[in-house]
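Trainee: The residues making up each chain are set out below.
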Amino acid sequence: MAIRWFKKNKSGDDASASRAGEESRENADVDSPKGPPAAAGSDDSAQESEPIEPKTCAAGDQQIEESKSGFFGRLRKGLSKTREILTTDIDDLFLGKKELDAAILEELEERLITADLGVQTTMALMEKISKRARKISGPQDLKAAIKEEILSMIVGAKPHPPEKPASRPRVILVLGVNGVGKTTTIGKLAARAASEGQKVLIAAADTFRAAAIEQLEIWAKRAGADFVRHKDGADPAAVAFDSIEAAIARDMDLVLVDTAGRLHTKVNLMAELKKIKRTIGKKIPDAPHESLLVLDATTGQNALSQAKLFHEEVGITGLVMTKLDGTAKGGVVVSVCNSMQLPLHYIGVGEKIDDLQPFDPEQYVDAIV
Amino acid sequence: MFESLSDRLTGVFKKLKGHGKLTEKNVEEGLREVRMALLEADVHYKVVKQLIADIKARALGQEVLASLTPGQQVVKIVNEELTKLMGAEHQDIDLKGAAPVSVMLVGLQGSGKTTTAGKLSVFLRKQGRKPYLVPADVYRPAAIDQLKKLGEQISVPVFPSSAEADPVKICLEARTQAQVAGCDTLLLDTAGRLHVDEALMGELERIKKAVNPSEILLVADAMTGQDAVNIAEAFNDALEIGGVVLSKMDGDARGGAAISIRAVTGKPIKFVGTGEKLADLEAFHPERMSSRILGMGDMLTMIEKAQAAVDEKTAADLEKKLRKSQFTLEDFRDQMVQVRKMGSLTDLLKMVPGMGQAKQLKNMQVDEKELVRIEAMINSMTPQERRNHAIINGSRRRRIAKGSGNSVQDVNRLLKNYTQVMKMIKKMNKGGVRGLGRGMLPM
Numbered sequence: 001m002a003i004r005w006f007k008k009n010k011s012g013d014d015a016s017a018s019r020a021g022e023e024s025r026e027n028a029d030v031d032s033p034k035g036p037p038a039a040a041g042s043d044d045s046a047q048e049s050e051p052i053e054p055k056t057c058a059a060g061d062q063q064i065e066e067s068k069s070g071f072f073g074r075l076r077k078g079l080s081k082t083r084e085i086l087t088t089d090i091d092d093l094f095l096g097k098k099e100l101d102a103a104i105l106e107e108l109e110e111r112l113i114t115a116d117l118g119v120q121t122t123m124a125l126m127e128k129i130s131k132r133a134r135k136i137s138g139p140q141d142l143k144a145a146i147k148e149e150i151l152s153m154i155v156g157a158k159p160h161p162p163e164k165p166a167s168r169p170r171v172i173l174v175l176g177v178n179g180v181g182k183t184t185t186i187g188k189l190a191a192r193a194a195s196e197g198q199k200v201l202i203a204a205a206d207t208f209r210a211a212a213i214e215q216l217e218i219w220a221k222r223a224g225a226d227f228v229r230h231k232d233g234a235d236p237a238a239v240a241f242d243s244i245e246a247a248i249a250r251d252m253d254l255v256l257v258d259t260a261g262r263l264h265t266k267v268n269l270m271a272e273l274k275k276i277k278r279t280i281g282k283k284i285p286d287a288p289h290e291s292l293l294v295l296d297a298t299t300g301q302n303a304l305s306q307a308k309l310f311h312e313e314v315g316i317t318g319l320v321m322t323k324l325d326g327t328a329k330g331g332v333v334v335s336v337c338n339s340m341q342l343p344l345h346y347i348g349v350g351e352k353i354d355d356l357q358p359f360d361p362e363q364y365v366d367a368i369v
Numbered sequence: 001m002f003e004s005l006s007d008r009l010t011g012v013f014k015k016l017k018g019h020g021k022l023t024e025k026n027v028e029e030g031l032r033e034v035r036m037a038l039l040e041a042d043v044h045y046k047v048v049k050q051l052i053a054d055i056k057a058r059a060l061g062q063e064v065l066a067s068l069t070p071g072q073q074v075v076k077i078v079n080e081e082l083t084k085l086m087g088a089e090h091q092d093i094d095l096k097g098a099a100p101v102s103v104m105l106v107g108l109q110g111s112g113k114t115t116t117a118g119k120l121s122v123f124l125r126k127q128g129r130k131p132y133l134v135p136a137d138v139y140r141p142a143a144i145d146q147l148k149k150l151g152e153q154i155s156v157p158v159f160p161s162s163a164e165a166d167p168v169k170i171c172l173e174a175r176t177q178a179q180v181a182g183c184d185t186l187l188l189d190t191a192g193r194l195h196v197d198e199a200l201m202g203e204l205e206r207i208k209k210a211v212n213p214s215e216i217l218l219v220a221d222a223m224t225g226q227d228a229v230n231i232a233e234a235f236n237d238a239l240e241i242g243g244v245v246l247s248k249m250d251g252d253a254r255g256g257a258a259i260s261i262r263a264v265t266g267k268p269i270k271f272v273g274t275g276e277k278l279a280d281l282e283a284f285h286p287e288r289m290s291s292r293i294l295g296m297g298d299m300l301t302m303i304e305k306a307q308a309a310v311d312e313k314t315a316a317d318l319e320k321k322l323r324k325s326q327f328t329l330e331d332f333r334d335q336m337v338q339v340r341k342m343g344s345l346t347d348l349l350k351m352v353p354g355m356g357q358a359k360q361l362k363n364m365q366v367d368e369k370e371l372v373r374i375e376a377m378i379n380s381m382t383p384q385e386r387r388n389h390a391i392i393n394g395s396r397r398r399r400i401a402k403g404s405g406n407s408v409q410d411v412n413r414l415l416k417n418y419t420q421v422m423k424m425i426k427k428m429n430k431g432g433v434r435g436l437g438r439g440m441l442p443m
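Chains A and B are the protein sequences, given in the same order.
Residue numbers 1 to 369, in our numbering, belong to the letters of the first sequence in order.
Residue numbers 1 to 443, in our numbering, belong to the letters of the second sequence in order.
No lab work stands behind these hints, which were simulated from the structure alone.
Just to be clear, a hint being listed does not mean it is correct.
Example chain B residues on the side facing chain A (calculated, C-beta under 7 Å, incomplete) [stated by the list, open to error]:
#1 Glu28
#2 Gly110
#3 Gln146
#4 Lys149
#5 Leu150
#6 Met223
#7 Asp252
If you're wondering where the values come from, they're calculated on a predicted model, not measured in any experiment.
Yeah, the Cβ is synthetic: ideal placement off N, Cα and C, and Gly gets one too.
Next comes chain A alone, as it looks inside the complex:
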């Protein structure tokens, strides 16, 4: 049923809906913090009451439609490319066949690898499926089996509700390689927290990339968050220190620290991160309360290497996976969750502010298989 829904929607709506998203991107971003509490609770009704600005009326029809499909619908839509690989293809695999044979298994292996699950995860998954092969007859069975096995791999990545830190403000350090979407993620996180009534401060500790500070400042304005900046090229640790100091003075609830993108193999740059972390700890002993690594879903198996090295070097407490909407390859989520045993806090499935959604393994599996 759900699959049919998806198929019907996929062909017609994708282009126009994404255009609608494009045109209303600016407005939606600015407005949602002021609106009612956004998607956090994954509550359908919250989505329906999403404010629609008069300005976006031209694109309004699609928007209403989109809002109606609600949280789950949007997750599906965002993940539609991944779904295409797994769902529809699994139906095709069985074309005219009843039994699960070697040819089907080989095809399945190909689908899994091209979905960026990675060789090792695919092999592990295939082994489990093969063991159950005798009990599988028909696509529904196979889907159920895959669903179950993938879920067992990623269920450990379910984020726990954040403990209330002993100290205020709560500090979140955001890390990642270049171009994964750290700044945008911070903008979205800030808007989300602000809409929940938290007082948010953003620290522009990416002092390296040209105009990174300006970019973040625009996001801060949109989210209605306080903003602390230094000059280009300043010591990022100093920016972090000043922001924490300011946050304490202004009695903020949350500090989001942006860092410059860096490849995980650059020893000096990793050392810089450690210094930022140490500096934050000087002001608030148990901070940063979280260090989130942002990963780009278009990345292939290198995402694993990124997660491993960042974790070894700086110690991360959780992951954010961005750009899941454009790619056929949500598979890297499975691969990373399976090997890292770190909670995956958010997944980004679109450009709008509430397209950064809390990760839920069950829903994710339901959406992709």
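Keeping the supplied structure of chain A fixed, place chain B upon it in accordance with the hints.
Mentor: Relative to the frame of chain A, chain B by itself:
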């Protein structure tokens, strides 16, 4: 860069080489490993399948089984097939047409278009062209500022785009402005977009129609996974790209995307981004790259880097001095400055054949600061001391150490190294390059 892939393949080949005679089973086992290595390196599944089939057909043919060194024969076939896939030779950026010509940079969000635009203008300026940067990304906050700042850093003029303007109009107006500014090459930095986003892909097509660019480069992240083929295909179908820039190649990405993109679109990879600095853009040479994948080193790139960094007159002077064994500490310092212009020592060492594999190098970070210290010590000497090191006695050593913030031991070591280099040069001049092997870099 391609280290992990070459590591894996080297491991596979070692196993194969051990066999005096190969059976079909040996070959298949070996190829299974090759397959895994390529898949783990994010080469697209279909591309791997084809590649393995081609290699297998040849490897199981008579040429291998009958040969005396079957293992090596297989290695050779893998190398040849990989080279075939990567394309024959380097293809340069296409800048034909009436000036000003335009180069369009397209790609996904975060692939590195803006940075590449900056790097490319540095690269083109070295070739005597006058670049003009055009920010056409009106969507991402502060994207225009970013390019403006980059332009300032490298003193390249930037078109003052406004975030409210239409990208197509920006590009057209920039063309006229470029002519006024006396520039001959426009670099159009477009907004990042998903290849499945039809509305934004349409915008690119309109820009292409309006400015008729000589070159369209797809900027792709070297870490891209299996989706690389879809991305490349979508951009190629919409725009008929001229080539690819592979960014972020300085990480530990296995670079499989390079192979996939090439295999699927047939479009050459023209440049690779190899670092954070704006000079870190290299022309891509497929034939060198496949030997790099297989761990055979890349001397050609190193020589090219040296040529770009050293100006000829100084080199000629230096040669004269070397011939006469008059290589002073001053020359030593100049030499060092030039080596540093070529890039980081770690990068340079990786290009030396065999070095990429050397275990002790794997985790070694060459201490770039050491060079700074040596420079400081030489700077703390008097001109007399630099010209004639023999006069540097104990008290002079103490002074130099103090002046440069080092210990006397450091000064001693420097002088010892220097005298060794001098001995080597003298030996060389007497004939025979044999003395060279050890300690080419006398630090």
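Trainee: Would you mind marking each hint as holding or not holding in the structure?
Mentor: Hints versus structure:
1. Glu28: Where the cut-off is 7 Å and the nearest Cβ of chain A is about 16 Å from B:Glu28, the hint is violated.
2. Gly110: B:Gly110 check passes; min Cβ-Cβ to chain A is 3 Å, inside 7 Å.
3. Gln146: Status holds, d = 4 Å.
4. Lys149: This interface hint holds because 4 Å falls under the 7 Å limit.
5. Leu150: holds (5 Å)
6. Met223: At about 4 Å, which falls below the 7 Å cut-off, the nearest Cβ of chain A leaves the hint on B:Met223 intact, so it holds.
7. Asp252: Check passed: Cβ of B:Asp252 comes within 5 Å of chain A, closer than 7 Å.
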